[in-house]
Amino acid sequence: MPTDLNQKIYVAGHRGMVGSAIVRNLQAKGYTNIVTRTHSELDLTNQAAVQTFFEEERPDQVYLAAAKVGGIHANNTFPAEFIYQNLMMEANVIHQAFVSGVKRLLFLGSSCIYPKLAPQPMSEDALLTGKLEPTNEPYAIAKIAGIKMCESYNRQYGDSHGIDYRSVMPTNLYGPGDNYHPENSHVIPALIRRFHEAKLANSPEVMIWGTGTPKREFLYVDDMAAASVFVMNLDKSTYDQHTEPMQSHINVGFGSDITIAELAKAVSAAVGYQGAISFDVTKPDGAPRKWMDSSRLNKLGWKAHVDIGSGLRSTYEQFCISPR
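Under this note's numbering, the sequence shown is numbered contiguously, ending at residue 324.
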């Protein structure tokens with residue numbers, strides 16, 4: 001579809017890691033009419049507030065990057081909050097976007113939508129083929145519901161109202177704006193903080209949980225933002241050729257994975273830590289591998305560009321200047 005740099009674009013969740021990256025990408029491309037709201041300005045779980053916002057703003061496009069997110073501890077401790085808040089945000093935004101005449105919307109999901117024991121790499125057709133990881137099942141259920149909302153509105157109103165709502169599923173993300181909380185952060189920000197503190201303290205060794213052999217895939221958040229804008233603006237006929245009405249989501253990954261041991265070495269190098277790295281093999285490893293099949297997106301013409309070394313250096317630079 002033709003790119004109109006003046007169209008009004010609402011980015012929900014613009015203060016989060018992904019949402020802020022999408023705003024950066026849009027601004028770099030020359031988009032001039034980007035609408036944002038903080039949580040204090042607009043509570044997306046409040047149906048009336050979301051309705052008023054859409055009635056007043058009437059955006060042309062919506063990037064739904066807002067979500068309640070957290071690590072294993074948070075997901076396990078607050079399952080009701082995770083499923084309720086995410087379901088409400090998705091339902092309110094997607095429905096009010098439709099009511100106000102938004103033709104194009106992009107919903108951002110998560111790789112946790114796939115079964116715990118899904119074959120590797122995880123392809124789009126693995127969705128709903130098995131049991132989810134129990135610790136984040138409520139969050140995953142909410143994200144699956146978001147995909148199915150987009151598909152359902154397309155099926156019922158696509159032809160009559162000309163809407164085209166799409167979904168992208170990122171692999172593990174990292175980059176500027178990440179969460180470095182000592183207990184609730186994911187693996188890359190946790191390692192960055194640990195190696196940074198070890199460097200400042202001149203610690204001779206950093207201990208990593210597990211054997212270091214599990215493999216994970218990581219995508220720099222600005223690559224995720226670029227993929228999101230790319231998918232949003234794909235011509236409808238092209239998008240439809242590569243998806244199905246009831247399996248329309250698209251995976252977004254780097255294309256390869258690395259071991260936790262390799263990751264630890266890469267983070268150590270990015271931080272400039274000179275000490276030793278050891279592994280506590282008495283601690284659990286988790287799943288042996290989690291890797292997304294991004295061939296559908298690659299066939300559409302997009303591939304990731306930021307390698308793990310470059311991405312980690314940029315992330316660490318931002319970590320050093322950002323308040324925590």
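It should be emphasised that the hints constitute simulated quantities derived from the structure, not laboratory data.
Treat the numbers as computed from the prediction; the structure is a model and nothing was measured.
Some hints could be false.
Here are the simulated DSSO-like pairs of lysine-lysine, each with C-alpha atoms no more than 27 Å apart in a straight line [said to hold, decoys possible]: (1) K199 to K265; (2) K103 to K68; (3) K29 to K265; (4) K29 to K8.
Now for the hints, and whether the structure bears them out:
1. K199 to K265: Answer holds: K199 to K265 is near 14 Å, not above 27 Å.
2. K103 to K68: This hinted pair holds, its Cα atoms lying about 25 Å apart.
3. K29 to K265: Roughly 35 Å separates the two Cα atoms, so the pair is violated.
4. K29 to K8: Judged against 27 Å, a Cα distance of about 14 Å means the pair holds.
Hint 3 from the list above is the single one not met by this structure.
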